[in-house]
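Respectively, the protein sequence lines represent chains S and E.
Going by our numbering, the first residue of the first sequence is number 1, and it counts up by one from there.
Going by our numbering, the first residue of the second sequence is number 1, and it counts up by one from there.
Just so you know, these hints were derived from the structure itself, not from any lab.
These numbers come from a predicted model, not from an experiment.
If a hint is listed, it holds; no wrong ones were tucked in.
Covered stretches of chain S, as calculated for chain E (at least 3 residues, CB under 8 Å):
#1 8-14
#2 41-50
#3 117-125
DEER-style ranges, computed between Cβ atoms:
#4 ASP163/E / VAL49/S: 20 to 28 Å
#5 ASP186/E / ILE41/S: 23 to 31 Å
#6 ASP22/S / ILE208/E: 29 to 37 Å
#7 VAL109/S / ARG233/E: 39 to 47 Å
#8 TRP27/S / TRP32/E: 37 to 45 Å
Even for Gly, the Cβ is constructed at its ideal location relative to N, Cα and C.
Here is how the chains run, residue by residue.
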Amino acid sequence: MKNDDKYWSTVIKPKSSLFSVDWGELWQYRDLAAMFVRRNITTQYKQTVLGPLWYLVQPVLTVVMYMFVFGGIAKISTDGLPQPLFYLSGVCLWGYFSDCLNRTSNTFVDNAGIFGKVYFPRLIVPIANVISNLVRFGIQLGLFLIVYLVYQLFVMPGQIHTNIYALLFPLLVVMLAGLALGFGILFSSLTTKYRDLQLLLSFFVSLWMYATPIIYPMSTVTNSYAKLAMSLNPLTGIVEAFRYGVLGVGNFSWGLLAYSFVFMVVLLLVGVVLFNRVQRSFMDTV
Amino acid sequence: MATAIEFENIGKLYRLGLVGTGTLSHDLKRWWTTSIRRQPDPYLRIGEQNDRSVRGQSDYVWALKDIDFKVEQGDVVGIIGRNGAGKSTLLKILSRVTAPTTGTIRARGRIGSLLEVGTGFHPEMTGRENIYLNGAILGMTKEEITRKLDEIIDFSGCERYIDTPVKRYSSGMMVRLGFAVAAHLDPEILVVDEVLAVGDAEFQKKAIGKMQDISKGEGRTVLLVSHNMANIRSLCNRCVVLDKGVTTFVGDTGEAVAYYTQTFNIVKSQHVVVTDAMRDMGRTMAAKMISVSQVKESCTYASDEDIVLRIKIESSINISECRVNCTIDSSSDTPICTNSSVNFFDISAGETKEIEYTILNPGLTWGKYSVSFSVGTGNMTTGETNFDVVRNAIFFEIDRPSATSNTAYAKWNADSWGNIYLHTKQKIIS
Numbered sequence: 001m002k003n004d005d006k007y008w009s010t011v012i013k014p015k016s017s018l019f020s021v022d023w024g025e026l027w028q029y030r031d032l033a034a035m036f037v038r039r040n041i042t043t044q045y046k047q048t049v050l051g052p053l054w055y056l057v058q059p060v061l062t063v064v065m066y067m068f069v070f071g072g073i074a075k076i077s078t079d080g081l082p083q084p085l086f087y088l089s090g091v092c093l094w095g096y097f098s099d100c101l102n103r104t105s106n107t108f109v110d111n112a113g114i115f116g117k118v119y120f121p122r123l124i125v126p127i128a129n130v131i132s133n134l135v136r137f138g139i140q141l142g143l144f145l146i147v148y149l150v151y152q153l154f155v156m157p158g159q160i161h162t163n164i165y166a167l168l169f170p171l172l173v174v175m176l177a178g179l180a181l182g183f184g185i186l187f188s189s190l191t192t193k194y195r196d197l198q199l200l201l202s203f204f205v206s207l208w209m210y211a212t213p214i215i216y217p218m219s220t221v222t223n224s225y226a227k228l229a230m231s232l233n234p235l236t237g238i239v240e241a242f243r244y245g246v247l248g249v250g251n252f253s254w255g256l257l258a259y260s261f262v263f264m265v266v267l268l269l270v271g272v273v274l275f276n277r278v279q280r281s282f283m284d285t286v
Numbered sequence: 001m002a003t004a005i006e007f008e009n010i011g012k013l014y015r016l017g018l019v020g021t022g023t024l025s026h027d028l029k030r031w032w033t034t035s036i037r038r039q040p041d042p043y044l045r046i047g048e049q050n051d052r053s054v055r056g057q058s059d060y061v062w063a064l065k066d067i068d069f070k071v072e073q074g075d076v077v078g079i080i081g082r083n084g085a086g087k088s089t090l091l092k093i094l095s096r097v098t099a100p101t102t103g104t105i106r107a108r109g110r111i112g113s114l115l116e117v118g119t120g121f122h123p124e125m126t127g128r129e130n131i132y133l134n135g136a137i138l139g140m141t142k143e144e145i146t147r148k149l150d151e152i153i154d155f156s157g158c159e160r161y162i163d164t165p166v167k168r169y170s171s172g173m174m175v176r177l178g179f180a181v182a183a184h185l186d187p188e189i190l191v192v193d194e195v196l197a198v199g200d201a202e203f204q205k206k207a208i209g210k211m212q213d214i215s216k217g218e219g220r221t222v223l224l225v226s227h228n229m230a231n232i233r234s235l236c237n238r239c240v241v242l243d244k245g246v247t248t249f250v251g252d253t254g255e256a257v258a259y260y261t262q263t264f265n266i267v268k269s270q271h272v273v274v275t276d277a278m279r280d281m282g283r284t285m286a287a288k289m290i291s292v293s294q295v296k297e298s299c300t301y302a303s304d305e306d307i308v309l310r311i312k313i314e315s316s317i318n319i320s321e322c323r324v325n326c327t328i329d330s331s332s333d334t335p336i337c338t339n340s341s342v343n344f345f346d347i348s349a350g351e352t353k354e355i356e357y358t359i360l361n362p363g364l365t366w367g368k369y370s371v372s373f374s375v376g377t378g379n380m381t382t383g384e385t386n387f388d389v390v391r392n393a394i395f396f397e398i399d400r401p402s403a404t405s406n407t408a409y410a411k412w413n414a415d416s417w418g419n420i421y422l423h424t425k426q427k428i429i430s
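Full structure from sequences and hints, please.
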């Protein structure tokens, strides 16, 4: 009976098999995820005058800057859309993705203090990050909605062709979150040992934005190599689909969207497996 | 009784020095040998025994090796050992903070670990919010915490401040709050690392009382690391003694504590050159002890024999009324006695002086002792300055008299009677 593994509820071994992610345990700790989300949100702007208004200050200033530099000086097309609307859509989506990615990729290093003292499924932390950033994303999206309504109803009534593809929005957010989580846990697993990657990542993320149709529409890209390269970027399909559905401009492609989805699934699988491996011994290397 | 935890051949290998430099090359070599050539990990073979005082040949040491024992359900097991014996590593593996290099641990029931109180407290959040956060980190559900909230707040004694951010708390209050949450965790197996050594006396008593309730009343299994033999004795029914990463004794608490104190790893050396590792950090060392030696070669004395030492002091400044104090510690790291020296000497910059230092008739019972020294000026009333404090500088032994000489003394039980043989005078006056 004692050698029967069912007798033991916990077995601690040097190495676990690659795919032994304990999903049930993750579910057991859902309250902890909720608690981390709450902590992330409530503590971010404690003791600031503007409080959650800061969530809006950042995108507004960024959009103004983009209008000045890319719209004004560089005169990059916005597919005929009003600049604030075009840039704001990009800034919201990209902001969510890059915030998630940056925070998630530091999971182990930032939480070494807690991880070194108590066990819980480490995956809870990146998941909580992605969820808590959703709140901020929601608030920014509210701003986007207001700007959208102002244009749709007063400035240029009926000229923004929102269509049925806008209903894809929830799926797009899930994909964005999935990609950010996937890249984040992949990087965080690697940075525990090789810190160079941490430095590389912030640089990489800022360049990545220019390889994604955030400040320009896909239609301005004419070079076929550049087009191919951009199609390989899993974010391209998502951003384009959002703009197409909500604002009625750009190239919508089921193919690109399917590619992004498959990319996300594979990335998440690889990320979770690697993360799961690293979490068991990272305290010795961090 | 049912087995609650089973340790089987547990080992943990650590790499010394700078983690991160050259790891890529080691990783590649390891990958080459284990995955391609299908041979054992080259770095596992070269691990050495973990003795921090001896300089090793290998970059790898076994912090734990071949740990093999079982814990019955309802046992309260104390884990004792000197600093660096591997106690904390063992608890870390058991609480799954880090994975073992070899072996398997099997446990029955939920493991709650308490390696620190107040893990994850966020300074900006209120006491109440932190109870929820900390509780969730320790593995409680929200509903469970809500149910116990009043009890937790009451136990912490911080009711008045419960809706104030914890950054306004005193450090003692933080600890109370942290322990209060942890004490209401209900795991079948509780792993505790010296957290009892915090808080004021009143709170410690409360904490120990709670621990006793948990183990005795509720039949839970507890693993406890502590340096405090009194706590170990009052809480534990079994003990594991670790030394340099291996278990040297497993068994009944009384025997284990006796074993631990007897194997007090002393180096009875007649002459000791003081190294910086023996000194307290953060002293000016304007005047410092450079060596200490015992005149008697055997370093073993009778209880009433004077202990004559020679101490060399070197100074880089002029000091008038310099003095040397000493403290004698027992083999269980407990201070026994201290002198406040009234013999002053002057020393000038660049000078080295040798002092004959005699501990008069110490009156200690048989056993092993260590002596720590402080070099400084002033006394407790005028205000002291210590230039140099040297811990456990020299070791000596008080001989055990033959059983026939004085029976009470020869069978001395230092654990309950202390380390000083008390002389009394009694006469009948009515």
